[in-house]
Amino acid sequence: MKLLPQFIIAILAAVQSLSIAQAASSDMHQLYEDNCASCHGSDHGGFLAPALNSETLKGRSATALRTIVMTGSFDTLMPPFYGRLTDDEIRGLVKYLQSTPKQANPAWTIEDMKTSLKVYIADETKLPSKPTYQIDNMDNIIGAAARGKYGRGSGSKAVFINSTTHQKVGEIATGTAAHIIDYDPANPRWAYVKNDTAEIFKVDLYSMQIVRSIKTGFNGPGLGVSRDGKYIMAGSYVPHNAVILNAETLEPLKAFELEGVDPDGKMVTSDSGMVIGTPFADIFAIALENAGQVWVVDLKDNFPVTKIENVGRHLHDAFLTHGGSKLMVASYDDSIVTAIDLNERKIIKKLEAGCVPHVGGGAAVEVDGRTLGFGTNFGDCDKMVVSVWDLDKMEVVKQVPVSGGTESPAAHANAPYVAVDIISKDRRARTIQLIDKKTLNVVKTLDVGGHAYFPEYSADGKYLYVSAGYNGDEVAVYDSTSLQKVAALPMESPAGLFSHGRVKYVTRGLSPDEFDDASKKGGAQP
Amino acid sequence: MKIQVHSGLLIVGLLTVHSVNAASIYAGQSRAAAVCSQCHGVRVPSADAPFPTLAGRDPKYLQQALKEYRDKTRKSDIMNAVAGSLSDADIANVAIYYSKLKPE
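Protein sequence lines correspond, in order, to chains A and B. Quick note: the first sequence uses this note's numbering, first residue 27, plus one each step. Quick note: the second sequence uses this note's numbering, first residue 2, plus one each step.
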């Protein structure tokens, strides 16, 4: 029974290998797009995984490259393609990659986007008026981005979990790896899921099904929802664009070419970094990675843009504070986090981080009257720290030593620890470290197994969810005080975990009450 | 005499029990994570992968198969290479680890 499909695949592969013998590079291009591009970039310029082109692979042994493709690469997301691609295909791909330069920015226009719009449920009035499963509060939903072993296929989905019972309540297939899950702050029924090939799915959480989808580019994780739930904005790495969509219909309204003068005075086109909506105002903020600029887009006629220049060299992600009026933007290459005032639309201060700051969703906690922000740092270097800043005074409080590079912090008003994921590529990758909110020291190390990353607290703060990602294939659940493991949910290569509670507390770690206080501190109320 | 033979057997018996117990699930887990799970998964391989499930399989069968792959009496380009890196202890540990896991 189970052998039959494999048998057919074997026959197909054998037939295919005959034709592959005379394969033109256009076939290899298709093979690359179908198997590699969702991680390595449609333009061969890299995305989650390294760039594969004639420049980056110069001098590499074809045999060694073939081996990596066949067996996968340990401690990374690279899966084994043995048995999935034929030997001839693998040889052909290696040859093709070693002779193909990084491609020019491919076009994906607003017309292409419109053509890609799919409507699965035309009449939304027929959808159920409340969840079709038992749940007390939609904030208890945690969405898990399951990548699937191959970054595509049946394992690639967004899985939604009731974080009080640790039971899966539904899932939607995303074709390629799910990357970002964002929620409508105004209506708890809608979620937006973006995958690694820049498709966005509008999901009805009450019935757990896809309502509409649209392809906004080739690669790129940027996604934000406006505070009124009327608009979403998506940004891409390939091509260098961003687009504002009508959140209800997913119809594209305006596309933006991402280019500008970088801090070194050079005019560049740019990948899109974080895209963020804020409860503070009817705006989106978007980071232009290579141009080092943050653009603030007003959600009114023609969507005018205010450009904030010279934010940093190679921006990436960011988090909000002070009721969403201030934005903390990570800058990879100069190892700073830049605080931006979204009201004044100018830089407040550049704060010292560790090496290669990657703040993930960010975390902020109120401790003894201070609002402390926590910033993780990607880099493996001598200074492996989690940065703690006083977000009122905008100054460094402490650089907390941790055991390796970190990618994402989690905090909750009701949980005693700020959790950070150690991602250094050895046994440390199995672990999560817990920083005591008061002493600001690492007090515990949790051995989760797999490549453990993306910690997230349940909306009530009682449970800590962690993706035991590749080589673990489960989402592990811990009691957030005793740190005893209480549940595990199996899925292929889970990555990002996104609590629906985020729409309530804006930045993880702030309680809704504190958020109210903080927004008062932030001054300008919308 | 007879007693000595019996106690001899008993000692052999104890040693056998000991060597089975000596296979460490923890060491097996670590080895499996590094060597096997990339293809075979932890509990199950990827739904899209062409590799068989190892979780819950008979430990003796797993040991024998790995040893055959290692000495190339059972042929598979990829498994001959992978098993070639495993010691007897690794094979015992990995086999006991996977045999104790429940596939899901």
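Just so you know, these hints were derived from the structure itself, not from any lab. All values derive from a computational prediction rather than experimental measurement. Don't be surprised by glycine CBs; every beta carbon is placed ideally from N, CA and C. Hints should not be assumed to be uniformly reliable.
DEER-style ranges, computed between Cβ atoms [what the hints assert, rightly or not]:
(1) Ile136(A) with Ser86(B): 41 to 47 Å
(2) Ser86(B) with Ile147(A): 49 to 55 Å
(3) Pro51(B) with Ser508(A): 38 to 44 Å
(4) Asp49(B) with Ser52(A): 21 to 27 Å
(5) Asp49(B) with His55(A): 52 to 58 Å
(6) Asp49(B) with Tyr146(A): 21 to 27 Å
(7) Ala90(B) with Asp452(A): 19 to 25 Å
Taking lysine to aspartate or glutamate pairs in the EDC-like style, the calculated list, with each CA pair at most 20 Å apart, reads [said to hold, decoys possible]:
(8) Lys76(B) with Asp113(A)
(9) Lys292(A) with Asp327(A)
(10) Lys280(A) with Asp113(A)
(11) Lys194(A) with Asp59(B)
(12) Lys419(A) with Asp394(A)
(13) Lys292(A) with Asp254(A)
(14) Lys511(A) with Glu105(B)
(15) Lys451(A) with Glu433(A)
(16) Lys372(A) with Glu335(A)
Listed next, the stretches of chain B that the computed footprint assigns to chain A, with coverage defined by at least 3 CB atoms under 8 Å from CB atoms of chain A [to be verified]:
(17) 31-40
(18) 47-55
Quick rundown of the hints versus the structure:
no.	hint	result
1	Ile136(A) with Ser86(B): 41 to 47 Å	violated, 53 Å
2	Ser86(B) with Ile147(A): 49 to 55 Å	holds, 52 Å
3	Pro51(B) with Ser508(A): 38 to 44 Å	holds, 42 Å
4	Asp49(B) with Ser52(A): 21 to 27 Å	holds, 25 Å
5	Asp49(B) with His55(A): 52 to 58 Å	violated, 22 Å
6	Asp49(B) with Tyr146(A): 21 to 27 Å	holds, 23 Å
7	Ala90(B) with Asp452(A): 19 to 25 Å	holds, 22 Å
8	Lys76(B) with Asp113(A)	holds, 17 Å
9	Lys292(A) with Asp327(A)	violated, 31 Å
10	Lys280(A) with Asp113(A)	violated, 45 Å
11	Lys194(A) with Asp59(B)	violated, 31 Å
12	Lys419(A) with Asp394(A)	holds, 14 Å
13	Lys292(A) with Asp254(A)	violated, 37 Å
14	Lys511(A) with Glu105(B)	holds, 19 Å
15	Lys451(A) with Glu433(A)	holds, 12 Å
16	Lys372(A) with Glu335(A)	holds, 9 Å
17	31-40	holds (count 5)
18	47-55	holds (count 6)
The structure fails hints 1, 5, 9, 10, 11, 13 (numbered hints given earlier, in ascending order).
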